[in-house]
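There are 4 protein chains.
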Amino acid sequence: MTKKMWSGRFEEASSSLLEEFNGSLPFDKKLYREDIAGSIAHATMLREVGILSADDVEKIIVALKQVEQEIDNGEFEFKISDEDIHMAIESRITEIIGDAGKKLHTARSRNDQVALDFRLYVLRNNRKIINLLIKLQQTLIDMAKNNIDTLLPGMTHLQHAQPINFAYHILAYVSMFKRDIERFESSIERNNISPIGCAALAGTPHRIDRNITASLLDFKSPSINCLDTVSDRDFALEILFNISTLFVHISRFAEELIIWSSYEFKFVTFSDAYSTGSSIMPQKKNPDVAELLRGKSGRVFGNMISLLTVMKGLPLAYNKDMQEDKEGVFDSVETAIISLKILEKAIATLKVNRENMAKACKTGHLTATDLADYLVKICNVPFREAHHITGRAVAEADKLNIDLSEMGYKKLQEIDDRIGSDVDEVLSLKNSMNSRKSFGGTSQEQTIKQIEFFELWLSGLEIK
Amino acid sequence: MTKKMWSGRFEEASSSLLEEFNGSLPFDKKLYREDIAGSIAHATMLREVGILSADDVEKIIVALKQVEQEIDNGEFEFKISDEDIHMAIESRITEIIGDAGKKLHTARSRNDQVALDFRLYVLRNNRKIINLLIKLQQTLIDMAKNNIDTLLPGMTHLQHAQPINFAYHILAYVSMFKRDIERFESSIERNNISPIGCAALAGTPHRIDRNITASLLDFKSPSINCLDTVSDRDFALEILFNISTLFVHISRFAEELIIWSSYEFKFVTFSDAYSTGSSIMPQKKNPDVAELLRGKSGRVFGNMISLLTVMKGLPLAYNKDMQEDKEGVFDSVETAIISLKILEKAIATLKVNRENMAKACKTGHLTATDLADYLVKICNVPFREAHHITGRAVAEADKLNIDLSEMGYKKLQEIDDRIGSDVDEVLSLKNSMNSRKSFGGTSQEQTIKQIEFFELWLSGLEIK
Amino acid sequence: MTKKMWSGRFEEASSSLLEEFNGSLPFDKKLYREDIAGSIAHATMLREVGILSADDVEKIIVALKQVEQEIDNGEFEFKISDEDIHMAIESRITEIIGDAGKKLHTARSRNDQVALDFRLYVLRNNRKIINLLIKLQQTLIDMAKNNIDTLLPGMTHLQHAQPINFAYHILAYVSMFKRDIERFESSIERNNISPIGCAALAGTPHRIDRNITASLLDFKSPSINCLDTVSDRDFALEILFNISTLFVHISRFAEELIIWSSYEFKFVTFSDAYSTGSSIMPQKKNPDVAELLRGKSGRVFGNMISLLTVMKGLPLAYNKDMQEDKEGVFDSVETAIISLKILEKAIATLKVNRENMAKACKTGHLTATDLADYLVKICNVPFREAHHITGRAVAEADKLNIDLSEMGYKKLQEIDDRIGSDVDEVLSLKNSMNSRKSFGGTSQEQTIKQIEFFELWLSGLEIK
Amino acid sequence: MTKKMWSGRFEEASSSLLEEFNGSLPFDKKLYREDIAGSIAHATMLREVGILSADDVEKIIVALKQVEQEIDNGEFEFKISDEDIHMAIESRITEIIGDAGKKLHTARSRNDQVALDFRLYVLRNNRKIINLLIKLQQTLIDMAKNNIDTLLPGMTHLQHAQPINFAYHILAYVSMFKRDIERFESSIERNNISPIGCAALAGTPHRIDRNITASLLDFKSPSINCLDTVSDRDFALEILFNISTLFVHISRFAEELIIWSSYEFKFVTFSDAYSTGSSIMPQKKNPDVAELLRGKSGRVFGNMISLLTVMKGLPLAYNKDMQEDKEGVFDSVETAIISLKILEKAIATLKVNRENMAKACKTGHLTATDLADYLVKICNVPFREAHHITGRAVAEADKLNIDLSEMGYKKLQEIDDRIGSDVDEVLSLKNSMNSRKSFGGTSQEQTIKQIEFFELWLSGLEIK
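Chain order of the listed sequences is A, B, C and D. Here numbering that gives the first Met the number 0 is used: position 153 in the first sequence is 152, and no number is missing along the way. Here numbering that gives the first Met the number 0 is used: position 423 in the second sequence is 422, and no number is missing along the way. Here numbering that gives the first Met the number 0 is used: position 202 in the third sequence is 201, and no number is missing along the way. Here numbering that gives the first Met the number 0 is used: position 61 in the fourth sequence is 60, and no number is missing along the way.
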């Protein structure tokens with residue numbers, strides 16, 4: 000039981016169970032850098048506007064930097080009785096510099112410190128995730144460049160549909176991750192607003208200048224309504240959603256990698272460095288990385304629902320429920336970071352089994368659509384009829400146990416005599432793939448254009 | 000049991016249970032306008048590039064418009080055997096114009112029709128929600144303008160904290176809804192990309208021009224990778240998230256309206272037209288509208304989790320799971336639309352009980368922070384010590400059963416003799432509120448600036 | 000704008016927008032049978048205890064039955080101004096029998112009608128789902144019985160692990176669905192408590208007898224605390240969770256069926272009656288049923304989160320938010336019912352491709368664990384060392400491009416000379432499967448025991 | 000980069016990033032007691048059936064107990080290269096006793112160790128939560144006993160509805176927590192099934208006896224199908240759901256405590272030991288405990304969605320995704336435990352402000368229903384008409400600015416002359432409350448019966 004900073008009017012000390020339940024220090028200590036940066040900006044501003052003396056502010060800043068070093072070096076003693084990182088740091092600087100330390104809290108409240116630290120953390124990690132996504136994009140584009148003439152069966156419903164090239168398939172993910180990058184960037188842009196100086200909920204009578212602190216901390220501007228600001232967590236919901244959508248994409252990729260690694264598919268092989276074995280089955284080589292990537296969608300979806308649930312129906316302004324905002328965001332951010340790192344490595348070291356992909360193209364009548372299109376374009380058959388004729392050709396091929404691409408025009412003429420010998424070329428797998436020259440299509444020509452497009456776009460981004 | 004368009008190679012007819020389970024017509028018929036618009040654009044493009052004759056295309060377009068009219072007028076017969084709205088419309092135009100109708104499906108697939116119709120629906124409704132939010136903002140700003148000198152207790156933890164004005168409180172919601180508008184706009188911007196022409200997954204060998212269709216349908220450009228496009232549902236996830244965040248804000252407002260309507264608070268009174276009674280308790284007047292608004296957060300959060308769950312781990316490209324994308328989006332969109340309408344009406348007709356708000360300000364020692372600030376600024380006491388002195392003053396006021404704002408300087412001097420008679424002015428509620436002149440604060444001066452800011456911003460938006 | 004039953008003290012009529020927003024009739028009309036059954040029980044009880052005359056009650060009951068018939072026959076006119084099914088029915092019977100109809104609402108409130116109708120619906124549908132699960136279990140057990148000697152590769156991480164029989168694999172699902180049945184039954188047992196007679200929140204001063212109504216409606220007993228009862232929705236959360244867990248199992252099964260239907264696996268083939276084709280690719284035969292079953296997990300998870308969100312933080316007792324409880328439950332229940340029906344049919348007509356399963360067993364060194372176990376049991380090698388030796392054998396087999404089961408003892412002796420010729424028998428696929436005789440294992444002997452166990456258990460259940 | 004137990008056939012060492020990503024040791028070390036208990040049971044069984052020598056088993060058990068002590072005392076060195084707690088313990092016992100240690104893994108797999116340890120943890124914590132709930136129930140019942148004649152306004156829609164007693168209100172929560180206890184118990188009963196001996200997925204050829212291990216570990220029986228067992232996480236989903244439902248109840252209670260603590264209500268006052276203050280507003284006393292309890296519903300809902308998402312669509316049997324099962328369960332369990340502890344303490348020390356509750360009863364016309372009932376019962380007016388008359392009486396009372404309970408029969412007769420002077424007694428608050436004598440109602444008579452019912456039920460439970 001310890002005496003709290005706010006205990007002036009309290010008759011009983013708080014219980015140790017309350018301290019454990021109520022304190023955020025065990026997790027918010029992660030925000031010490033943001034808190035110290037915020038305090039330095041606040042103190043600097045207080046000096047600029049003449050609220051604190053240059054002398055006091057210098058002492059405060061020196062002490063804050065000392066505390067940062069202490070925490071960096073693991074020498075700082077965190078006490079649960081300090082409740083949170085804000086108090087922990089303030090107590091310590093008061094220990095170091097005495098009364099000057101007590102003046103730091105002039106014209107601010109813990110509510111706006113919390114709002115500031117957490118926002119800085121989220122903005123910084125949006126950027127970090129963008130950087131890792133850029134790296135992943137480069138690796139994927141490299142993989143695409145190496146696989147422009149790697150045929151594989153394009154699928155819908157996990158059924159063979161049409162022949163595509165593997166580069167084109169990889170570029171679908173590049174396209175998804177591009178949207179992810181755009182979402183993270185849009186969120187930074189929208190939320191790059193300074194909360195500092197909002198005090199508890201209503202602003203402060205002190206003659207502070209919020210433009211100074213905003214500018215010192217690289218914000219675009221101070222926020223417009225303090226009551227909103229101290230209880231705004233939209234920026235946190237956004238990063239949770241953006242990470243969730245990122246994991247929709249990652250989990251889809253992971254699912255494909257898992258299926259492609261099966262004995263039945265064998266389209267790809269993970270490097271030993273990114274695979275694991277079994278404690279009981281010595282032959283096993285498991286795609287654990289991909290499975291974990293897929294599974295981690297669970298925690299990031301859950302973290303988003305958690306914060307939505309917390310925020311639902313809260314009256315203005317700050318309520319203690321909002322202390323529940325951090326752990327989920329920390330978890331999603333850390334999950335995104337390590338997942339992007341390992342996905343990039345796993346892709347960079349992945350073996351693409353081109354022959355198996357090519358072999359797979361010879362089952363499933365991948366060029367059936369080409370036959371239908373041929374009937375439409377060359378034989379002038381309405382599409383719906385062409386579809387039916389092709390259905391019959393496929394059934395015949397199945398009976399003969401051969402693939403449509405290898406059936407030969409003679410057998411096809413038996414089904415419909417409008418079919419000519421030129422159909423053989425149309426039904427070749429590679430020709431089929433290359434025939435899809437419409438914008439955004441799978442032909443090599445179009446695939447190369449897509450690579451150029453993505454490379455150009457990527458060259459315009461910078462890792463900050 | 001009916002014969003399907005794709006039944007060429009099938010030996011058995013599909014079961015009626017399958018038809019019921021599999022068909023999307025009961026819900027996707029809502030997309031008929033989008034589907035017809037897409038078909039007209041597609042046919043027009045096919046004519047431009049010379050794939051279909053001008054004659055056929057004219058017939059097709061006339062038939063499509065006839066079908067639109069039939070559906071508009073409730074004269075169209077939907078048959079479950081048609082599976083989906085795309086087939087329903089195509090069947091009907093073939094009925095009307097014969098073979099020309101069958102040619103419409105040239106160079107496209109249901110997959111890209113689904114992708115197109117749904118995207119058009121989502122884009123259109125993002126805009127509709129923005130329009131309703133703009134209307135709500137205007138009503139809120141009007142309410143704010145009328146309440147710049149309405150004092151009420153600003154709260155944190157649902158406890159009286161500091162005196163604020165009611166306009167300032169309302170502007171906190173204006174600030175939230177501003178971010179909502181920005182999110183919906185950002186989503187339109189990011190997803191205003193044409194999927195049409197992607198065909199099943201790989202593009203098409205037909206010499207289509209996707210720029211034409213994109214431009215006819217007001218898209219910024221055609222999509223870059225068709226494999227991604229046919230299974231991209233990011234735009235749908237975004238609207239589900241943006242509506243969820245909107246409902247975080249709405250539910251917070253609703254919670255406050257409910258609490259404020261209680262007998263104990265009586266800060267506001269709903270108009271009879273937006274209240275309901277009880278079947279058993281004749282005295283009841285219930286804030287049902289606000290409760291439903293709060294409760295509807297449940298369905299919109301749930302709809303978002305639904306689609307995230309559906310999309311998790313799906314291999315490329317289209318899988319039938321994705322048919323589950325629509326109902327939740329329809330439900331969230333319709334919920335948002337009616338909720339915004341009714342919230343606007345309920346606010347426009349809300350009675351603000353100024354006297355009750357004012358009376359409430361006289362409990363809870365709302366000016367305690369002012370006393371602490373006075374001690375810091377005038378008496379040069381370090382903040383932490385000032386906090387403790389104020390704590391004692393509050394305890395004393397509690398014993399005397401009066402509010403700190405009415406305690407008078409003499410009693411305060413007994414607690415700390417550095418306090419002067421000028422403290423009385425500082426502790427007045429209105430002065431306290433008006434003292435918070437920092438940017439974004441609650442003083443009338445700042446509140447007026449905020450109103451001007453929001454009005455200026457709003458004047459730059461247009462209802463499209 | 001219409002006059003409401005509760006409008007006594009209201010000065011303004013309610014808005015038509017409010018009627019649309021507030022009314023539950025569009026969805027709760029589904030509860031008309033439950034509502035009428037409840038009213039009959041209530042009226043009967045009121046007669047028994049002497050509150051209503053026998054004459055009035057007879058009129059009421061006749062009218063209620065007439066209304067039920069009218070709704071059954073689609074002749075009943077639902078008016079949105081009636082708000083909900085309770086009012087709709089009461090208005091109608093008052094139309095039919097005049098003042099006697101008005102007496103029905105004596106000693107009850109809409110709150111306890113809502114609580115009753117919804118609980119009856121949930122209890123009834125728990126039972127319906129159990130019945131469908133029993134039917135599915137029978138079909139699965141039949142399938143198991145036909146496949147006791149069908150070898151397939153047992154997998155972990157979607158990698159070949161050990162040879163198992165297909166019956167054993169199917170029984171894993173029987174085991175899951177058994178737990179599902181137990182959960183639905185446990186929920187019925189726990190929630191079979193009558194809410195009727197709780198009135199608005201506090202009970203009633205009328206001398207009603209809640210045991211009579213409870214017994215007439217087949218409840219175990221009346222509820223113990225009315226304040227809890229009118230706002231208890233645990234029974235609804237339970238069915239939403241139990242359906243969600245059911246869909247975890249269904250989605251796992253569906254995923255396997257989809258993968259097994261791929262060209263690469265071809266372990267199973269859906270009957271044409273439960274497959275669909277493509278509008279553009281004539282060769283496609285898609286496992287849509289399985290995909291939809293997998294995808295429907297999304298909506299049922301979402302429905303559960305919706306109701307949890309609604310109920311979170313609601314003060315006692317009834318709040319209008321709770322009107323949001325029904326649509327999600329209706330949707331999950333109807334989803335479960337049609338899904339179980341179609342899954343049963345799809346399974347009953349599924350073709351099991353035994354040869355493909357058998358062929359697949361010859362890749363992936365499924366008997367590697369057997370070699371390790373042989374080394375432990377016969378050669379007395381510690382397990383960890385045996386694991387390493389086997390790892391080397393597998394690597395060697397890979398180099399030779401043969402399966403471990405076909406490697407022969409001579410080659411194995413080169414790796415470790417403790418290996419004898421008896422190893423060949425150990426490494427045969429069928430022997431391997433049959434060697435797993437531990438309780439619950441995959442040997443045919445154990446598989447048969449499991450079938451007997453499940454059949455015995457099933458014979459103890461009845462379809463009610 | 001370290002050599003793994005399963006590295007026999009691997010050519011490259013695993014990357015350190017993979018180790019960090021893949022390893023579960025940082026969180027599953029929490030399961031060391033369960034793992035050691037399982038290993039002791041497994042070893043004991045291996046001795047009983049003659050697979051291991053008594054000598055080896057003795058060494059193993061001694062070593063296992065030593066390891067347990069080492070971990071208990073914080074002397075155990077956890078190495079990330081050990082991947083998980085199972086390997087960490089096995090490595091260490093092999094270090095201690097050499098080859099005998101290597102024999103422990105005979106006839107088992109990590110998959111069944113994971114399944115065992117996690118299930119034991121969940122079962123044990125179901126019990127722990129029940130114990131804490133029992134304690135909470137006792138405290139609530141004590142509070143109820145002290146408040147049988149404490150009047151407060153019963154509410155619906157947060158509006159005054161009817162007078163009830165505070166004991167009755169508290170018993171509503173006792174009733175909810177009773178269902179919670181029943182759910183946790185039902186889950187123990189259903190899942191008290193031993194997974195040990197299932198090996199990787201198919202059972203084992205070793206002649207193990209699963210009944211022995213089941214019995215040594217206090218399970219009801221061994222599981223029936225091993226393939227199901229190694230990937231069954233229903234027991235984990237159940238505890239996540241049961242904790243979520245518990246938090247629906249806790250969050251409702253918390254919401255009421257927060258509202259009741261507001262200046263406007265002041266129905267209750269938290270003890271200083273369970274309240275906190277503000278860093279900036281010295282007069283604040285915040286109900287942080289209740290707010291955190293309400294907010295923690297977010298994390299437990301999120302944890303449930305996480306695991307549902309993870310399990311959705313996983314093929315049999317074990318997949319690495321399932322490693323994501325633990326952290327969420329640990330978090331929900333620990334949240335439930337500390338929350339129940341602190342809720343019990345906060346309730347036990349809560350001050351009930353009876354006078355404020357009583358005063359509040361005099362607004363809102365709580366006895367309006369009584370007037371309507373009086374009209375029905377005494378004056379023989381049909382209920383619907385009575386409802387309208389009462390509505391007018393309430394409107395009149397509002398105009399006179401008095402409460403209906405204090406209006407007096409004379410004024411009421413002006414509204415309807417069938418009303419007699421006996422109405423005054425009917426409209427008294429206490430009489431109104433006590434008139435609700437129907438089973439489960441709020442009259443003191445019924446409230447006392449409810450207390451007796453719950454006490455009897457509670458006396459039948461034991462804290463195990």
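I should point out that these hints are in silico values taken from the structure, not numbers from a laboratory. One thing to keep in mind: the hints can contain errors.
Identical copies carry no separate label here, and so any pair may be met within one copy or between two of them.
[Said to hold, decoys possible] Simulated crosslink set (DSSO-like; lysine-lysine; CA at most 30 Å straight-line): (1) 340 to 409; (2) 78 to 410; (3) 284 to 361; (4) 144 to 219; (5) 29 to 448.
Each hint, compared with the structure:
In this homomeric assembly, residue 340 and residue 409 never come within 30 Å of each other (Cα to Cα): the closest approach is 54 Å inside a single copy and 45 Å across copies. For the homomeric pair residue 78 and residue 410, neither the shortest alpha-carbon distance inside one copy (83 Å) nor that between copies (38 Å) is at most 30 Å. Taking CA atoms no more than 30 Å apart as the test, residue 284 paired with residue 361 passes in both settings, with 27 Å inside one copy and 17 Å between copies. Only between protomers do residue 144 and residue 219 lie at most 30 Å apart by alpha-carbon distance; the minimum there is 28 Å, versus 39 Å within a single protomer.
Taking the closest pair of Cα atoms, residue 29 and residue 448 never come within 30 Å of each other, the shortest separation being 45 Å inside a single copy and 37 Å across copies.
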